[in-house]
Amino acid sequence: MQFLEKQLKKVGQLFERGRPLEKFYPLYEAIDTFLLTPGKTATRAPFVHDAIDMKRVMIFVVIALIPCILMAIYNTGYQIELAKGMGHSFWGVVTIGLVKVIPIIVVTYLAGGFWEVLFAVTRRHEINEGFLVTGILYALTLPPTIPLWQVAVGISFGVVFGKEIFGGTGMNVFNPALVGRAFLFFAYPAQISGSTVWVVDGYSRATPLAVAAATPKGASVVQALQEAGYNFSNMFYGFIPGSIGETSTLACLIGLAFLLITRIASWRIVAGCVGGLLTMAGLFYLMQGPDRLSFFGLPPHWHLVMGGFAFGAVFMATDPVSASATNIGRWIYGFLIGLLSVLIRVVNPAYPEGVMLAILFMNAFAPLIDYFVVENHIKKRAKRQLR
Amino acid sequence: MAEALFSSKNQKILKDGMWDTNPITFQILGICSALAVTTQLKAAIIMSLGLTFVTAGSNVVISIIRNYIPPQIRIIVQLTVVSALVISIDQALRAYMFDVSKQLSVFVGLIITNCIVMGRLEAFAMGNPPWKSFLDGLANGVGYSAILIAIGAIREILGSGKLWGIPVIPELLYTQGYVNNGMMVLAPGAFFLLGIMVWIQRSISGYKENS
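Chains as they are written, first to last, in the numbering used here: chain A, 377 to 763; chain B, 1357 to 1567.
Bound-form chain B, shown alone (with noise of 0.2 Å):
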């Protein structure tokens, strides 16, 4: 039987990564990642879409050969899956946005052991079939690029006076006594921001606990 591209179903899984099940907000993984990359728009972007294609694709690989891994090795397999998307990041980031590779340092290789990754591996595509894996991926994604970006801009903003390197708050504020928060570029600057996106996000959602 075939499904429709879309279907109800499909479309679900997208709404799910996106919003209601939202890795950052919903499931609190990739705090890590969260804190240390969002000090700046462009990082934090560059963060989401390496993260976004990590995600979907070896959501798909995984899906692809589900049925031929062993059970007791599949974190391994699954690992040097994830690795081999990874690298072929870092190195693309080193060969043609140098820049951008230096400021994300270790944390793009540290994509590996995000728990987003893992975690959709494990609880979708190890049980679904590529396609749906790869929308599931591509979902929690960009769900997390979601938030990722605009903690990155609010921090930029706030923190820099800047947006995307370019000054944004107007030197009259400046000079009639405004200060920019040193708190923001700081990591807890970025947790509370992280704090204010989850309750947001879950008074929207009507999020309960434990229902």
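Just chain A, with the same shape it has in the complex (with noise of 0.2 Å):
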């Protein structure tokens, strides 16, 4: 460790003002903190004190986004290797499976780090541990057969457009991976949804979403999902075809008890998000009967495990940035979030899954949402104040 130390200072001289590469210390500088802890203090006022800066709150989310990799590179092995119909080992599960996912992740963070890289060092800005977040998110929310030049572009688009030109890190209205994802979503949508999706040597199989979109009237989605082979409990533990990180909720489980013990994700709007997800599915299933669309009938906790609906909740709405900041604000996001993901799961043809959109829209209004929470708060306080 303590060569390491010597060797990074030896090299971070290159860096420092009027020296060759002095335009790169940003680049330095991230290496530096990342491995080490930083050796500089404050020079000026407030000299707050805390274990938990942004950089061990980024490291966190990488930590509970741990269970999610893992499995995504698990079902990712498993589901072609199921498609392909061979018999599966673990380890030749856990091949194939990195094989497609590691790639993914690579040119995410190549693309990625390029523009990250290329405003950090244009603007003298730090460059922190938030693009391991936004890239890791990014890729695990992409089919596996999404051709590599297309994750590419959609995180480049993430990257600058949803967050660099807000001014960085900490100023983005929109969630950056989703940006990327909705971009590649519009601009490409033969390769991130629909039937072309996850064809394996010409064997397709639909996501349990798909499935139940396309049940006819009158017919009993429950029954559909099960003759295509899915229950409750495969899509509970993930073994089910989608983007290759949301497939379980067990994971997405685990990530959220570790974001909630550190105190960095915010219950209130993942409860948020299961309470409007599930008045708003719980609505429809009320409303069934033989004339409405089938989807209706689906049991309100079915869609809880269902899409990326866990995924989006865990870890893409409570991005402490994009999300609303006041208490009662985190409830009312996170409440609108599950209800327009079910509305546009249900009611929306053309979208397979809707918690994506829900989210950014979202995004759009959460500050809107915070204002009003915060004027309500002081109209009342002056209320209290004249008695």
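None of these hints come from the bench; they were simulated from the model. Since we're looking at a predicted model, the values are computed, not measured. Backbone N, C-alpha and C define an ideal beta-carbon position, used for all residues, glycine too. One or more of the hints may lead you astray.
As the list claims (entries may be wrong) - Here are some, though not all, of the chain B residues that point toward chain A, as calculated from beta-carbon distances under 8 Å:
no. : residue
1   : Gly1533
2   : Val1535
3   : Asn1537
4   : Gly1538
5   : Met1539
6   : Phe1548
Assembly of the complex is requested from the two constituent chains, each provided in isolation within its own frame, with the hints serving as guidance.
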């Protein structure tokens, strides 16, 4: 460790003011503080000392994502093996999964990292671990069959238009990972959802949401899902086709537990999401009938384990920058995300999944919600004062 | 006192309209048509020509009669002149380029409501002599055209792989898995390109907010 420290210091001198590599100081600083505790102290007030700075927050989110990443690798391999109809040994499945998932993650980091460094160097900003989070979140929301050049285009758009044009980390209105995904969703719809995704050697399998949306009127959705090989438990554990990281509700729950214990995610937002989803799905469930969409008849709790809802609610909606910041605001924000997700999912035939659009939509409204919550609070206090 | 046709003052009028106070990237006017008619290069060019003609023409006409227009009814007078020009363009397009006319559809007629035309009339032609007004109208038309044509070209290449209707992206790329960008055909794609144009133009021309 000491050796590393010495070497870093030695290299670091090259990046100081007036030295040849001065321009690339942010790059050096990022690596230095990523590996070691920052050696610099604050020179101006406020001198708040806290172990959990932004770097640690971001790293904690990455740690919380580990179950999802592992599950992503295993399930991708498993689904491909299943499609090919071969016997699956554990390590065989993992190898196939790695071959599919690792290139997507590597390309994401290379392309996104390029823009991140470019903007940091020209603006003399720091590079921070926020990008590690954005990159992995983005990669986990893509289908495994996506062409790698599209991965690069999407993350470039996400980093530049989702984050950098607003002024960089902490200033973004929208979740950059979702902006990147949304770009791909609208620019190259055939590669990100629909019937050509998840085609492995000519064999394709519809995702649970696609099956549910395609169920003819009058038929039972649950039955249709079960005929397609989906039941509550395998959707909960995540052995289903879908975007690579989103399939397993269990993995998301483990991540959620970690985020809640470390108090990084707001439990109010997650609870709001679940509440909104159950409310809307419950309403649809009560409205079901022979002349309505059969999707209405899906039991509300099934919605929780389908598609990207769990992943979105735990990791995307709770992004502290783009979410509401007041406690009441968080409830409203979460609730509406859940509500809109189901609404888009069930009623809109063009979009099989609604979580991404619901979160982006509510990102736009988060500041407005906060504004009204604060205004309301001020009004109440003012009234109390008058009495 | 006779002023040279291209005196330094007049040159500045030209430069302002085309670059420093470009109607799209500086004044943020005419955005509607910049989004609507730029899916193909051809449509963008025809639209640009039409708008440049109308801005320059109406600027001259209004500038000539500017001292006889009662201020209370100046807008309606301006509108009458602009509509006359717009209608003649529309009719000409219908007569000689019916396909393009159909493609541009209502947007030729809507030049009349284009903020650039009215903006230049109010801001410039009402207070300047005809030649200067002509230069101003021309410059703003050209400034608008430059952005429109650039966006039209980029959108056509990225969105449908063609330029002026001729395929420009090699077949090899498609067989390698390249796909046209569906967003570029939609209005949001134009919005993003427009944003990038504003960004580039303003960083080169050194624009500062509230300066």
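Cross-check of the supplied hints:
1. Gly1533: Cβ of Gly1533(B) sits 5 Å from chain A, so the hint holds.
2. Val1535: 5 Å, holds
3. Asn1537: With a minimum Cβ separation of about 5 Å from chain A (threshold 8 Å), the hint on Asn1537(B) holds.
4. Gly1538: 5 Å, holds
5. Met1539: This hint holds: Met1539(B) lies near chain A, its Cβ roughly 4 Å from the closest one there, short of 8 Å.
6. Phe1548: 7 Å, holds
Comparing the model with each earlier hint shows no violations; every hint is respected.
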